[in-house]
Every structure is written in C-alpha cells, then in structure tokens.
Amino acid sequence: MTKEELITKLKLEIIEALNLEDIEPEEIEAKEALFNEGLGLDSIDALELIVLLDKGYGLKLDDANKGKEVFYSVESMADYILAHS
Amino acid sequence: MSFISSYIHIKDKEVWKDNTLIYSNTEGISNNKFYKLLYKQLAIKYMKFYKMDELSKLGLLASEYLLEDRTLTSEFKAEDIGIVLMNRQASLITDIKYYDTIKDATNYYPSPSVFVYTLANIVMGEIAIKNNFKGENIFYVQEHFNAELIHNHTERLLQRGSQQALLCGWLEVEEDKIDGFLYLVENSAIGLKLKHSIENINILKNQ
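Chains as they are written, first to last, in our numbering: chain C, 805 to 889; chain E, 17 to 223.
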C-alpha cells in the first residue's frame, strides 16, 4: 500500500471511529493538525486513535510521549504505520 | 408558586411541544436516523452530537427543542439553572454496546468513546455543557415514571431559592423505542403558565 492509499484509508477509518458524520474524507487535510485546531479532536478521540492503531494495524504505542508526534496529523500517523509495519 | 412554562415529548418518532405536533416521521427509520433528522431540523451546529450515545442524543435534542426560543442563562444565573431527570434503565443500552467491545477475549478492544457514556447522568452533563448551566442536578433511576419524586425534589430546590429554573423529565432509550419527556419549571408564570403539580406533570407525560 502506498502512503497516499494509506492516508485515504486512515481518513475513512478516523471518520468511522470518531463518528465524524458530517465530514467527508477530502475535507481532512493530510498535514492538518488533528487536535485543538483542525478537526478539533479531544482526549477521548486520542484514545480511540490509539485503539485504531492497535486494532487495525497491530501497533501499540509503547512510548506515551510519542503520541503527540504520531497523532499530530493523518500524514504523521501514516508515516508511523509505514515505519513500524 | 412555581409553573411549568413549556414541555417537549419525543416519542414514537414524533415530537410534541406544548400540545402541538412539530415533527413526525412514519418511515420506520432507526432511532439513530431519527436523531440525525431532528438534529438537521433544529439546524444546530454541534459536532459533539454525533459522538454522543443514544441517551445523550435524546436528552440534548429534547432540551434544544424545549429551549428553542429561550436563552436561560440570559435570564438566570448559570448556577441557578438545574436539571432533574429520571429513567428506568439508566445507561443500559450503552452498557451493552460497551460490553460488546470487551466480551471477546480474542478481540478485546475496549472503546473509550463508548465507555464515557456508561453512566446515565452523563446526559445531564451534555445538556449543561451545551447550555452553560451550572446548577444542581440529579438523575433518578426508577421502575416507572415517578412524577411525585421529581416534583418534590424540584419544589424543594425552588422553595429554598437555590435554583430558579429546572429542566425536568424522563429520558428512556430502548432498542426499538424512545421516550423523551422534558419540561421547564420556573417561578414565573410564562408560556404554558401551568401550575407545577404532580397531577399536571402526569397529564403532560401521558398525553
């Protein structure tokens, strides 16, 4: 799977996992911040993203300090998945 | 003396406000589809709505209809606006949904976003956050709608002056039916101007 394909897949998975029903995949910029600004996700959403990584990609985030970096954007998530799978 | 100024009843895919049918859907749609249609009809922009469980969606929608033409925080101090709710099954429908995420040891992924709604009183928090209410609140779990219990608790809060307005009612969500009944009680005789009594609460609930 290419990075672009993974980003598209992740956008769909994030919309489903976080119930972002009024948002279309193309409305999410790959480099855009997921938290605070951007999609305005909260701490519970962060936990859901951790579950998504585990359930969908078998990846556990061992170092909690890396969360900010990994979940900064869809692109950073894709980079982390590609580097660890 | 206190009065019921307005009420809302969402039941059987219908929405009644102050004795008037304001929305009806006869297409046999799911509860969630129904909530979404009401959300669109109310034209509110509140992304968090989609993340809520059924009980919170029902409560939030009922409160939005009830307060459509009022901004209580411009009339009362936020600390003086309370909530008194009741239902039979607490958050059972969401508890089951959460259990589904943990019952299989080989597919054990507890959902944080479902877990946070596994308490019935979360719906009061959602209504309070949306409307900036900071008053007292309580959620009773009773076998049947108990107008006397809600009435007496509400009257105590009003009579001792700690609350000036209260959203009260019954919010029940089951697999195939919903029953959301909310009414507003305050000291002024406005709107329906209906005396706040156990008898009147039961009349409104059973209409």
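Keep in mind the hints are simulated off the structure, nothing from the lab. Be aware that one or more of the hints could be misleading.
[What the hints assert, rightly or not] Calculated pairs, DSBU-like style, for lysine-lysine (alpha carbon to alpha carbon, straight line, at most 30 Å):
1. K193/E / K870/C
2. K119/E / K859/C
3. K807/C / K67/E
4. K872/C / K56/E
5. K67/E / K56/E
6. K27/E / K835/C
7. K864/C / K67/E
8. K67/E / K872/C
9. K67/E / K859/C
10. K56/E / K807/C
11. K150/E / K813/C
12. K150/E / K835/C
13. K864/C / K150/E
14. K56/E / K813/C
15. K119/E / K61/E
16. K150/E / K859/C
17. K64/E / K813/C
18. K67/E / K813/C
19. K113/E / K813/C
20. K870/C / K67/E
[Claimed, not checked] Partial list, computed: chain C residues near chain E (C-beta under 10 Å):
21. I811
22. N823
23. D846
24. I848
25. E852
26. L865
27. A868
28. D883
Don't be surprised by glycine CBs; every beta carbon is placed ideally from N, CA and C.
Taking the hints in turn, this is what the structure says about them:
1. K193/E / K870/C: The given pair, whose Cα atoms are some 44 Å apart, is violated under the 30 Å limit.
2. K119/E / K859/C: With a Cα-Cα distance of about 15 Å, the restraint between K119/E and K859/C holds, given a limit of 30 Å.
3. K807/C / K67/E: The hint holds at about 28 Å.
4. K872/C / K56/E: violated (34 Å)
5. K67/E / K56/E: holds (15 Å)
6. K27/E / K835/C: violated (44 Å)
7. K864/C / K67/E: Holds. K864/C to K67/E sits at ~24 Å (cutoff 30 Å).
8. K67/E / K872/C: At roughly 22 Å apart (the allowed maximum being 30 Å), K872/C and K67/E satisfy the hint.
9. K67/E / K859/C: holds (20 Å)
10. K56/E / K807/C: It is violated: about 36 Å lies between the C-alpha atoms, which goes past 30 Å.
11. K150/E / K813/C: violated (42 Å)
12. K150/E / K835/C: Since the Cα atoms of K150/E and K835/C sit roughly 38 Å apart, the hinted pair is violated (cutoff 30 Å).
13. K864/C / K150/E: violated (39 Å)
14. K56/E / K813/C: holds (28 Å)
15. K119/E / K61/E: violated (35 Å)
16. K150/E / K859/C: Violated, at about 39 Å.
17. K64/E / K813/C: Judged against 30 Å, a Cα distance of about 23 Å means the pair holds.
18. K67/E / K813/C: holds (21 Å)
19. K113/E / K813/C: holds (25 Å)
20. K870/C / K67/E: Holds: K870/C and K67/E sit about 26 Å apart, inside 30 Å.
21. I811: violated (22 Å)
22. N823: The hint holds - N823/C has a Cβ within 10 Å of chain E, the shortest such distance being about 4 Å.
23. D846: For D846/C, the interface hint holds, since the closest Cβ of chain E sits about 9 Å away, which is under 10 Å.
24. I848: OK, holds: I848/C within 10 Å of chain E, min 5 Å.
25. E852: At about 5 Å, which falls below the 10 Å cut-off, the nearest Cβ of chain E leaves the hint on E852/C intact, so it holds.
26. L865: violated (14 Å)
27. A868: Status violated, d = 15 Å.
28. D883: violated (23 Å)
Hints 1, 4, 6, 10, 11, 12, 13, 15, 16, 21, 26, 27, 28 from the list above are not met by this structure, while the remaining hints are.
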